[in-house]
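J.: Required output: the full structure, derived from the provided sequences and hints.
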Amino acid sequence: MSSADLPVPVPPRIRDRAVPADRPAAQRHDLGRYLRQMRLLPLGETGQRRLAGARVAVIGAGGLGAPALTYLAAAGIGEITLFDPDTVDATNLHRQVLFTEADLGRSKAVAAAEHLHAQSPQVSVRAVVETLTPANALGLLSGHDLVLDGTDNFPTRYLASDACEILDLPLVWGSILAFSGQVSVFWGAGGRGVTYRDVHPVPPRPGEVPSCAEAGVLGMLCGVIGSTMAMEAVKVLAGMGDVLFGRLALYDALRARWDELPLARDPQRVPVTEIEDVMLTCGLPGPTGPARDEVTAEELPALLAAGTRVLDIREERELAEGGMIAGAEHVPMGELLHGAEHEVAGAVLYCAAGTRSASTQRALAERGIRVRSLTGGFDGLAGSGVEIQRL
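Numbers 1 to 391, taken from this note's numbering, label the letters of the sequence shown in order.
Be a bit skeptical, because a hint or two may be false.
What the hints assert, rightly or not - Label-pair ranges, simulated between beta-carbon atoms: (1) 143 - 296: 45 to 51 Å; (2) 257 - 136: 21 to 27 Å; (3) 383 - 89: 23 to 29 Å; (4) 143 - 302: 52 to 58 Å; (5) 296 - 390: 19 to 25 Å; (6) 142 - 305: 36 to 42 Å; (7) 383 - 168: 25 to 31 Å; (8) 135 - 41: 44 to 50 Å; (9) 335 - 142: 16 to 22 Å; (10) 201 - 258: 23 to 29 Å; (11) 42 - 335: 48 to 54 Å; (12) 338 - 143: 32 to 38 Å.
Because the hints were derived from the structure by calculation, they are not lab data.
Every value quoted in this text rests on a predicted model; they were computed, and no experiment measured them.
Cβ atoms here follow ideal geometry from the backbone N, Cα and C, with glycine treated the same way.
T.: In structure tokens form, the structure reads like this:
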């Protein structure tokens with residue numbers, strides 16, 4: 001389905017909306033600030049007023065969210081609600097350009113909102129330090145005109161798409177991995193448009209797609225994709241240009257080339273009417289910061305010798321590719337989280353790079369179960385002397 005098959009992409013609720021008269025004077029935008037972009041005829045004063053009256057929800061203030069938020073606020077979006085339960089970590093700073101070392105350990109949502117307010121005080125930014133869940137997503141996203149998904153986990157991607165389809169909201173989506181990025185704009189459009197589920201109907205299994213922590217990522221790529229997402233959001237809200245409806249833009253940083261794939265709605269897919277919890281299927285959403293209690297590779301042999309349980313929470317195929325730590329037990333992440341987890345208190349968990357084990361540790365801690373996470377995961381054991389058992 002092409003973008004030509006859809007109506008003018010300005011959400012009807014903001015098509016003729018000006019800045020509300022009851023908005024505080026400091027938040028009623030001085031259009032003079034935006035003269036340079038208003039001189040662009042497809043935008044003009046009408047488009048700028050649409051931006052000023054728009055309410056945008058941004059999920060994630062990380063590698064994609066940081067540049068997208070910066071440009072959305074600078075462009076004059078009226079109200080931004082920012083969802084992020086994570087805290088700022090030192091490994092974020094090379095790509096999450098909203099933050100500085102002074103923000104380390106702080107809530108990403110709160111720190112980002114402060115920086116955006118300093119940059120664009122006329123824009124209202126509300127920080128929500130809360131994880132979107134199947135239970136709260138509809139209530140939290142309702143009332144917005146557009147959602148921008150800058151997250152890096154599959155449960156939240158499916159959650160955002162499902163919620164937007166139910167609420168009939170346009171969803172700007174982006175993804176990055178290593179040197180590649182993707183951008184599209186999904187919109188159910190009353191059953192006529194394409195959503196994330198039309199492109200990825202089946203959620204991947206835990207560990208099937210490596211995270212940026214496992215595969216690596218360049219900050220500049222985040223800037224390219226995050227800025228493109230902000231551009232698409234502004235095009236939707238202002239009603240200009242050819243929006244990426246029904247198209248998937250693919251960016252290859254090493255070739256400096258954009259490619260494009262046409263997307264079509266699956267005519268057999270039943271429209272989403274309720275939100276499915278896909279955590280069991282494809283992994284754990286939520287905070288992705290460092291583990292709260294870590295064990296180094298150097299400490300591991302002594303712990304094994306002392307009888308400490310060490311659990312490999314990767315998937316079966318990952319073990320087949322590289323083996324596992326000698327003396328460790330294999331308990332996949334999904335099984336651990338939804339099985340007899342009370343028996344694992346005190347254990348050391350590890351995955352490929354430490355991301356999934358840190359997330360699992362946080363989830364178990366919320367249930368009062370204390371476990372530790374191996375720093376750097378299995379991939380960080382090279383040269384450590386830890387014995388590896390080949391399967």
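J.: Determine for every hint whether it applies to the structure shown.
T.: Going through the hints against the structure:
1. 143 - 296: 45 to 51 Å: holds (47 Å)
2. 257 - 136: 21 to 27 Å: Violated - the Cβ-Cβ distance for residue 257 and residue 136, about 40 Å, lies outside 21 to 27 Å.
3. 383 - 89: 23 to 29 Å: holds (24 Å)
4. 143 - 302: 52 to 58 Å: Holds: the Cβ-Cβ distance is about 54 Å, inside 52 to 58 Å.
5. 296 - 390: 19 to 25 Å: At 23 Å between Cβs, range holds.
6. 142 - 305: 36 to 42 Å: violated (55 Å)
7. 383 - 168: 25 to 31 Å: Violated - the Cβ-Cβ distance for residue 383 and residue 168, about 54 Å, lies outside 25 to 31 Å.
8. 135 - 41: 44 to 50 Å: holds (45 Å)
9. 335 - 142: 16 to 22 Å: At 35 Å between Cβs, range violated.
10. 201 - 258: 23 to 29 Å: holds (25 Å)
11. 42 - 335: 48 to 54 Å: Because 53 Å falls inside the window, the suggested range holds.
12. 338 - 143: 32 to 38 Å: With a Cβ separation near 33 Å, residue 338 and residue 143 satisfy 32 to 38 Å, so the hint holds.
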